[in-house]
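A.B. asks: Sequence:
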Amino acid sequence: MSDVRVRFAPSPTGPLHIGGVRTALYNYLFSKKHGGKMLLRIEDTDQTRFVPGAENYILEALQWVGITIDEGPTQGGPHAPYRQSERKPMYRAYAEQLIAEGNAYYAFDTEEELEAMKERLKAAKVASPSYNMVTRMQMNNSLTLPEDEVKRRLDNGEAYVIRLKVPRKEEIRLNDLIRGWVVVHSSTIDDKVLLKSDGMPTYHLANIVDDHLMGITHVIRGEEWLPSAPLHVLLYRFLGWESTMPKFAHLPLLLKPDGNGKLSKRDADAGGFPVFPIDWKVPGTEDTWIGFRDQGYLQEAVVNFLAFLGWNPGTQEELFTMEQLIQEFSIERIGKSGTKFDINKAKWYNQQYLRLKSDAELQQLMESVLQAEGVSYDSTTIGAISLLLKERVTFAQDFWTEGKFFFQAPLSYDSAVASSKWNSDAIQVSKALQDKLQSHTGDLSPETAKHLFHEVLDEQGIKIGKVMQAVRLAITGVGAGPDLMHIISILGKDETVQRLQSALSTLSETVKP
RNA sequence: GGCCUGUUCGUCUAGGGGUUAGGACGCAUCCCUUUCACGGAUGAAACACGGGUUCGAUUCCCGUACAGGCUACCA
7 MSDVRVRFAP
17 SPTGPLHIGG
27 VRTALYNYLF
37 SKKHGGKMLL
47 RIEDTDQTRF
57 VPGAENYILE
67 ALQWVGITID
77 EGPTQGGPHA
87 PYRQSERKPM
97 YRAYAEQLIA
107 EGNAYYAFDT
117 EEELEAMKER
127 LKAAKVASPS
137 YNMVTRMQMN
147 NSLTLPEDEV
157 KRRLDNGEAY
167 VIRLKVPRKE
177 EIRLNDLIRG
187 WVVVHSSTID
197 DKVLLKSDGM
207 PTYHLANIVD
217 DHLMGITHVI
227 RGEEWLPSAP
237 LHVLLYRFLG
247 WESTMPKFAH
257 LPLLLKPDGN
267 GKLSKRDADA
277 GGFPVFPIDW
287 KVPGTEDTWI
297 GFRDQGYLQE
307 AVVNFLAFLG
317 WNPGTQEELF
327 TMEQLIQEFS
337 IERIGKSGTK
347 FDINKAKWYN
357 QQYLRLKSDA
367 ELQQLMESVL
377 QAEGVSYDST
387 TIGAISLLLK
397 ERVTFAQDFW
407 TEGKFFFQAP
417 LSYDSAVASS
427 KWNSDAIQVS
437 KALQDKLQSH
447 TGDLSPETAK
457 HLFHEVLDEQ
467 GIKIGKVMQA
477 VRLAITGVGA
487 GPDLMHIISI
497 LGKDETVQRL
507 QSALSTLSET
517 VKP
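Residue numbers (my numbering): 7 to 519.
These are computed hints drawn from the structure, not numbers from a lab. Any given hint might turn out to be false.
[What the hints assert, rightly or not] Here are the simulated DSS-like pairs of lysine-lysine, each with C-alpha atoms no more than 30 Å apart in a straight line:
{"id": "1", "residue 1": "K351", "residue 2": "K287"}
{"id": "2", "residue 1": "K128", "residue 2": "K94"}
{"id": "3", "residue 1": "K271", "residue 2": "K351"}
[Stated by the list, open to error] Per label pair, the in silico range of CB-to-CB distance:
{"id": "4", "residue 1": "K442", "residue 2": "T407", "range": "28 to 34 Å"}
{"id": "5", "residue 1": "W354", "residue 2": "P289", "range": "31 to 37 Å"}
{"id": "6", "residue 1": "Y383", "residue 2": "K342", "range": "34 to 40 Å"}
{"id": "7", "residue 1": "G498", "residue 2": "W354", "range": "16 to 22 Å"}
{"id": "8", "residue 1": "S249", "residue 2": "I332", "range": "26 to 32 Å"}
{"id": "9", "residue 1": "Y383", "residue 2": "E323", "range": "45 to 51 Å"}
{"id": "10", "residue 1": "W354", "residue 2": "E379", "range": "34 to 40 Å"}
{"id": "11", "residue 1": "G221", "residue 2": "R361", "range": "55 to 61 Å"}
The C-beta atom is built at its ideal place from N, Cα and C for all residues, glycine as well.
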């Protein structure tokens, strides 16, 4: 399998769904594992659904995730173009070849006629009304119309489509890499449109033609394609390409976190989490659909999270870099069943990867978060703070939410803590600590701060547990956070004294000792 | 409705004819700690159901239920 060639083939109809990103990732991992090529093909055969900006979105999303494309619309390649709309002229010949060999036919039926046919069948209690081997003989097509009539209509430029002539009774089998043998009877397949009346191929034709022409060896795609896979097998056969037909692997779908159904944007809105890789600004509106990247998720966390949604290496390890994933990936270890989307796991991965960052990276992360908040501070201090906060953050932006008291004195005090902890002892200790710090000269290391604080406690004869949280509240405004002595040390003598002072006046007013 | 696919703790999953059915997320309790977090320990928690096959089925087969997908001149 040294010449593995796979492709990711999205439609530019909107932002790439996170499930699509996973499909792209599996394709990428598989191709790199085998030293093969990864192609990107834009399937824009439905001109009514084309959304401007969608292709760029796909490119940007893949790039962020770290999926590199070997051949595609931007990098070109031996099988260019890689946009199906630009390949339009190539498809008709194959459809006509199928007609010439008796495996397809022209159909002239109007929308109304098709509708009427379906109604008629429905009234006759036919289970699934469709254009197939029995109904096609009652419609207007080159199978029912006299040859000269067909020619006349064609010459007149009448609208037509080309439909596949599905064999009457035949078992079509397909050996899916994930699901094993799938057998479908041809009588359950309808005469799918191959070439639309606007001259564009449908997915089915374009897909098979392109995959063949581009030398695709493995088709890894979502399970929603499984029902039409037998149809694709039929096309490979009729086109004479069965011996080089790619192997198929149909991936399980990503499902809603709770309840039933596949994961949708609705779930994202309800759960407050993203289902898109990066932000999508909906054209013509002010709306933005949130993406993982812009919500503060790390690229490596998303990759790891996505890879494990339906695949696992069979070991107990869970933290894998892209390189390791490539090393370990195998289609055999992809699961069969649908996977519910649990954002908690994604958060956990993010926390893990954030913690794996070097001190310098952490500092940089925190600096950019502060910058976004309009806060500037000296780098050394930020470095120290980021280390203090390291074990407490899940997202980089938590550096701000968890540590804003380093940069601004409390504007208010957590009332629950205030009412239970702020008492006469707390006031006494705060006053004494204020005085003690005031008269202190020289450096204020965490150790020194601790020493001073204990001196105060000893002098006042008060146990540490009785007042610690109150003092923390006075200095930070909240009841929880990193080691208070480190906070005091970073804040410095003057700032700490000042904060104790304002706490003493503000809190004493509102809370009775 | 028809066709296709699936079903191990709440979730992601390992496993596979005989196991105390393992791990992770989440949850709970305890320890550490001035607090919270981290960390550590412990705990609750699963083989959808019914038939077969078998000495023995969670594992194999068949049904049923449930779930998902498809059923467009959309992909």
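A.B. asks: Now, for every hint given, state plainly whether the structure supports it.
C.D. replies: Each hint tested on the structure:
1. With a C-alpha separation of about 26 Å, the suggested pair K351 and K287 falls inside the 30 Å cut-off, and the hint holds.
2. At roughly 36 Å between alpha-carbon atoms, K128 and K94 are farther apart than 30 Å, so this suggested pair is violated.
3. Only pairs whose Cα atoms come within 30 Å are accepted, and K271 paired with K351 is accepted, the gap being roughly 19 Å.
4. In this structure, K442 and T407 meet the distance hint of 28 to 34 Å, their C-beta atoms being roughly 31 Å apart.
5. For W354 and P289, the hinted distance range of 31 to 37 Å is satisfied, since their beta carbons lie about 34 Å from each other.
6. Evaluation of the 34 to 40 Å hint for Y383 and K342 yields a failure: the beta carbon distance comes to about 52 Å.
7. The hinted range of 16 to 22 Å is not satisfied by G498 and W354, whose Cβ atoms lie roughly 36 Å apart.
8. Checking the proposed 26 to 32 Å range against S249 and I332 shows it holds: the Cβ atoms sit about 30 Å from each other.
9. Distance hint check: the CB atoms of Y383 and E323 are about 38 Å apart, inconsistent with the given range 45 to 51 Å.
10. Range check, W354 to E379: Cβ separation about 25 Å, and the 34 to 40 Å hint is violated.
11. Checked against the hint of 55 to 61 Å, the C-beta distance between G221 and R361 comes to roughly 43 Å, which is inconsistent with it.
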